[in-house]
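Assemble the whole structure, with the sequences as input and the hints as a guide.
Protein chains: 2
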Amino acid sequence: MNLILLFESDFIAGNLVRLSDRRMRHVLEVQRASVGDELCVGLDGGDIGRGVVTILSSDTLQMEVRFNKKPPPKLPLTLMLAMPSPKVLRRLLYVASALGVGKIFLINSRRVEKSFWKSPVLDPTIIRRQLIRGLEQSRDTIMPEVLIRPLFKPFVEDDVPNIIKNTLPLAAHPDAPEVLPRNVGYPVTLAVGPEGGFIPYEIDMFRSLGFRVVQAGERVPPVEAAVPFLISRLF
Amino acid sequence: MNLILLFESDFIAGNLVRLSDRRMRHVLEVQRASVGDELCVGLDGGDIGRGVVTILSSDTLQMEVRFNKKPPPKLPLTLMLAMPSPKVLRRLLYVASALGVGKIFLINSRRVEKSFWKSPVLDPTIIRRQLIRGLEQSRDTIMPEVLIRPLFKPFVEDDVPNIIKNTLPLAAHPDAPEVLPRNVGYPVTLAVGPEGGFIPYEIDMFRSLGFRVVQAGERVPPVEAAVPFLISRLF
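Keeping their order, the protein sequence lines are chains B and U. Quick note: to get our numbering, add 2 to the position in the first sequence (first position is 1). Quick note: to get our numbering, add 2 to the position in the second sequence (first position is 1).
Treat the hints as calculated values from the structure; they're not laboratory data. Errors might be hidden in some of the hints.
Copies of the same chain are indistinguishable here, so a pair counts whether it falls within one copy or spans any two.
[What the hints assert, rightly or not] No more than 20 Å apart at the CA atoms, straight line, and that leaves these computed lysine to aspartate or glutamate pairs for EDC-like:
| no. | residue 1 | residue 2 |
| --- | --- | --- |
| 1 | Lys71 | Asp177 |
| 2 | Lys72 | Glu220 |
| 3 | Lys167 | Asp206 |
| 4 | Lys76 | Asp177 |
Being a predicted model, the structure only gives us computed values, none of them experimental.
In structure tokens form, the structure reads like this:
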């Protein structure tokens, strides 16, 4: 936790916040702060700044906070991620949020196991918790949007044409003839398939909408590593 | 599993292999192969090729195998990774192996929790299992070397000068003034700190040996994402 993300409900008066949850425990047990210490804080959806600890006991952290800096900019990226296994999804939400992805569509694909769509990880509370962990890691305050689209065809036909407007649309695919471009300097829409990849029909649909089908190299990284790997090349 | 990694002990005669473990179950339940199908196989430490299924039952997979291709080259990278938590280490061994890292030193740092060095994940059998999963994912056959170095100072003073010879030595550090170079086209030794980063004393030691101290950007990715992120930039 490199930033303590604060919400309106944490404020007890003016610029005074009081915490008694896992954020308090982190400050107490991991950061081992004391009264008078300055901690990095951020306001949900707003600026980042410093909090001076005024009270710290085993059940209360009180800080006087001041915000003075914009959070880091989001990546100019919309991620369309074929629904991964619950375990991998949980980690990817955290990682994508930390890397600065602003918008994530969880999409279907033939090779997505149907049971994944019934996973409790899709509960908005759990999604939000993972996104918050990512923001705390990378000192950001702007919650990414996560949109769940369990029907491939209507999503691709009806929504994708608008989503990709004014972006470079790319579909990552293991055996693509073209290699992922580096450092593109332009907004990107990136579709990432499931373990095993998109099926040919799906790749054809992306291609027909103008997507360039690209590979990351001779090796196929696991999805959880592919996302940071692809993002790092692109930006 | 995009490649079935085979060992000498799997051979029952000539080019005939018989499997009855999780590899067999994967072929049966995930790949859903049948007799006559061709599967991608690789020989531990050797070439990759194809295996034709000759017998497939609920407890036996038999294949006739032929090897005809070199595995993909390893990255020209030596990774020095501050010992992460057991959970993260397990994933990172898998990911680093899949990405083609050939040599990994697990090193100490002030901010590494002492208990991590007693984790069962450091058992050679468990390490090896994760490395094999990575090879199976990225169709490789050459086991990465994992070397455990729990004493920071003697390692850095006595071993690092030799390790970094003829490489570009880099230490990743959140607030470094210099930004990670892209696509370096040269062998690299990369030191990656623990959550919270190396302490100034450690960074100074790396610097005194000729390391360039570099950051990945304004955001600090979690260690598990930092490794693929950094590798993707560098190569």
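Numbered hints the structure breaks, given as an ascending list:
none
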